[in-house]
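J.: Sequence:
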Amino acid sequence: MEGCALAGEPGPKQDFRRAADAIYRTVPLPKRQAAFFGLYQKTLASLPHVRRLEALLLGIEAHGSLPASCAFFRAFKGEEEGAQLSEGRDMLGVRIRTETLLDEAACAFFLRHELTHIQDLLDPSFHHDPRSPLAQETPSEESLLRDRYRTLWDLSVDGRLERREQLPPRMRERRAAEFRALFPALEGENAGSAIDALWSGPRPSDPGLRRMVKGVPELCACLGIPLPAPAAASRPALRPGGAPCSLCRFTTFEWADASPALTRAVRADYPAWTPSLGLCTQCANRYLLGALFVPAPHLDDRTQAVSLTGGSRR
4 MEGCALAGEP GPKQDFRRAA DAIYRTVPLP KRQAAFFGLY QKTLASLPHV RRLEALLLGI
64 EAHGSLPASC AFFRAFKGEE EGAQLSEGRD MLGVRIRTET LLDEAACAFF LRHELTHIQD
124 LLDPSFHHDP RSPLAQETPS EESLLRDRYR TLWDLSVDGR LERREQLPPR MRERRAAEFR
184 ALFPALEGEN AGSAIDALWS GPRPSDPGLR RMVKGVPELC ACLGIPLPAP AAASRPALRP
244 GGAPCSLCRF TTFEWADASP ALTRAVRADY PAWTPSLGLC TQCANRYLLG ALFVPAPHLD
304 DRTQAVSLTG GSRR
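Numbered by the working numbering, the letters in the sequence shown go through residues 4 to 317 in order.
Simulated from the structure, these hints should not be mistaken for laboratory data. Take every hint as true, because none was put in to throw you off.
Derived pair list, reagent style SDA-like, types lysine to any residue, alpha-carbon separation capped at 25 angstroms:
hint, residue 1, residue 2
1, K80, P247
2, K16, T101
3, K34, D24
4, K217, E176
5, K217, S128
6, K16, R54
7, K80, L47
8, K16, A78
9, K16, R35
10, K217, P133
11, K45, Y27
12, K16, Y43
13, K217, L230
14, K217, E145
15, K16, A108
16, K16, K45
17, K16, L47
18, K217, P205
19, K217, D272
20, K217, P247
21, K45, P70
22, K217, C286
23, K217, R175
24, K80, E117
25, K16, T29
26, K16, A109
27, K217, Y273
28, K16, Q36
29, K217, R153
30, K80, H52
31, K45, T103
32, K34, A48
33, K16, V30
34, K34, T46
35, K34, K45
36, K80, F113
37, K80, G96
38, K45, R35
Start from the sequences, fold in the hints, and give me the full structure.
T.: Listed below in structure tokens is the structure:
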């Protein structure tokens, strides 16, 4: 209603205020909650946003099934926005910010993107398994694999939206940057080939995505692209901007060289970690400090400390 008022249409807001005042004057206190609930339903149904949302949902349903029931809830922050299925998969819940709802282009992309994910989940050929974790070892590894899973899936979803001419400008570049930050060992043509395969190729299944997030060899095998040369795969790619450390998940601009000793120390806590994932100098220093308290038969503490760091680069 505020949006209508700002657009020069004060009618809906004034009508709501008059009806609300009438409830306060004439409805007994025990019955006011039900009266206001009815007023909210009637008011929302009269707003133009409802018809716009209905039209969007009908257009999205042309590309796959959706639950018959859909409820919209207000989100207060961008990270709260999203769509989720009920446990029985018979109801859809959408959390959206007011700013997104009022911006027709942003709202259209948000719903198309999120509900294409939902359509994938409802497609039996996607073989979604919500009960199995992505990683068995540590919460940190689970976080990294979850970020990779989301980015790989987003590439597929937005590639389909582009083919329908429903994608905002520069979204492919944004998704590609997210991919490169999460798979730093893939550089140049190899990274481009992987992005192209996910963007333009067949939709991956849940089991396929779960294999791809494990690492570069699994990703390349699933997508049918060449593995990078061993020298390039042994270290994280240099990046001009910050990217999340594979261990602590904080954005960093300083990456440590993974010496063999440092690799062994990290793998003691994270068995699936590889140097191609990279780690920040802060995490490397933490393992360096731990190494000072580990007896080394052939190296004194100072020598072992030097071998663990292996230097760092920006």
